[in-house]
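Enquirer: This is what each chain is made of:
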Amino acid sequence: MKLFKFASLFLLVVSCVCGSASAQINIEITQGVARGIPVAVVPFELSGQVDPATGGVASLPHDVAQIVSNDLARSGEFDAIPSDRFLSFPHRPEEVRFKDWRVAKAEALVIGEIRSLGNNSYSIEARGYDVFREKMVVGRRFDEVPGNLLRKVSHQIADYIYEAMTGRPGAFDTQIAYVTVERSGQAQVRNFLRVADSDGYGPRTLFESSNSIISPAWSPDATRLAYVTFETNRSQIVVQNVTTLDRSVVASFRGINGAPAWSPDGNFLAYTSSTAGNADIYIMDMTTRTRQQITKHWAIDTEAAWSPDGQSLVFTSDRSGNPHIYRIDRDGSGLERLTFNGKYNARASYAPNGQSLVMISRPNKEFHVAIMDLATGEQKSLTGGEVSLVESPSFAPNGAMILYAAQKQYNGILAAVSADGRVKQELRFQNGDVKEPAWSPSGTRF
Amino acid sequence: MNNKLSTALLLAMALTLTACGNKEVVAEAPPAAAPVAVDNNAFGSGYSVSDLESMGIMGDPVNYRTVYFAYDSSEIAERSRVIVEAHARALGSQSGVEVTLEGHCDERGTREYNLALGERRSQGVARLMSAVGAGNNPVQNVSYGEERPVALEHNDSAWSQNRRVEILY
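Protein chains in written order, with the working numbering: chain A, 41 to 486; chain B, -3 to 165.
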């Protein structure tokens, strides 16, 4: 069964890395929309297999309804209604009385039931309702869910509810990659490449080095990360499978090797190399490992990112005297300059819909995360004085949020901002500086 | 000109002081008190000692192994040129010495752009070295971008220390 193959892979990961997992991450909304959609998530009913030890139904390893509620609230687009305002606690469609939810001022309602099948396996039904229209907008059934995938299924339920209520796909069932830097004294520095769920749960270490780790980039199927290490005292590009943890060096040519970016089909890797004398953009065929030089210019060309259709790349070049964003067809033709404002625009990447770019801009003294509308060329700063030295912005796969690194009160932190600038979050880690975040593409649905 | 005069004065004073501290020397006729000729090519640098000092170089420039850069620049300033040329001359008389030029940046701007900028800085130093004639010594350019700062603070002073090329051999 396909499901079980997936489940066993997941088990392998957990057993490999549980020893190295560290601090949990807390995500705090620092700025939300004035009013989100009020949502009531009723605790799911648990029934089924009796636990011989307790005589009751085996308790769940994870609180599904709580995870769904937290996801929706964390997006900043929903306000979770506390359960003490609930007049009833329905689990099945026939138990829903819409009047109760209008009184509780809920616009969205989530109910569900979980059956314990024994052997740490569950079946889950979840339903979402539009209270005003008195209508079920989403209903999903998940069969034979192993206990260790309950969180994943909970995030998927949140994704379905989010999509039904906002019209845009959710991005809760995703992961984030990031690098944590832990210093003990001036000389001792440990760098950890880590991956955690999008809600910060279950961080695990993929790679540790006494040297910097930068530029993690997810493969489009979310199974591999390409990143840059200095473990040989030179920059090199490594690809690592996030499940098996197998790693291989894919670029260690003369000069610098950096800025890996997977093509949308996962077959090619754009990267920066100075093997021909100075930094230019190359594309590597990941099957044959053949390489093609895309830019040939004496200036610095780096930080390539693919257009969603895979036909072109944006990249940073200082050929005008300052770093700016350029676009080029993937065959190296059709060069076009995209940014003209200010003296520093770098590390651009496309929104999933291809209509805008997010980048690092320096309109004045400070560096900002900025979004540029490709149709109008208009640039808008999304970050202000609350953080400084912003870096490495990346879109959530649904395009709603942008994750980035910044300095705040002398600590390296991760933060997120909605593409419209209205919602801001900070990801709190227990110790160490955190940098180089990358939001994973959506994984396989259950 | 002023610099040269003051150097001469300083040297004369130094000689006098030395003389005072050592009676035996005084007993012998002091060397011709004629103004000491200013060496305009101290340590082969093409500059006088005081000119070097005004650039912040005390003594032989070859004792300095780090050269610094302006923000987002790989231009080699006068002080840096003097130091790099001193190393080139020192290396010119040797062969088979492996030279590594490590380029670094401050933390501002993106990491990958800085990785490329650090390399451009080290390449600039390498070009100057070979122009002066660093002999047949193999030169390695390495860039660490902003990944290996020497100063960890987030201010102008730290940033100016971190924008550098280290000359290692």
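You may find that some hints are simply not true.
[Claimed, not checked] Some chain A residues flagged as far from chain B (calculated, every beta-carbon gap over 12 Å):
#1 E174
#2 N297
#3 D325
#4 A339
[Unchecked claim] Covered stretches of chain B (in silico footprint by chain A; criterion: 3 or more residues with CB under 8 Å from a CB of chain A, positions within the stretch not fixed):
#5 58 to 66
#6 136 to 143
Note that these hints are calculated values from the structure, not bench results.
The model shown is predicted, which means the values in this text are computed figures rather than measured ones.
Cβ coordinates follow ideal geometry from the N, Cα and C atoms, glycine included.
Enquirer: Compare the structure with each hint and give your call.
Expert: Status of the hints after comparison with the structure:
1. E174: Its Cβ never comes within 12 Å of chain B, the nearest being 51 Å, so this holds.
2. N297: violated (9 Å)
3. D325: holds (22 Å)
4. A339: Violated, since 9 Å does not exceed 12 Å.
5. 58 to 66: Coverage by chain A is violated for the stretch 58 to 66 of chain B (0 residues, Cβ < 8 Å).
6. 136 to 143: holds (count 6)
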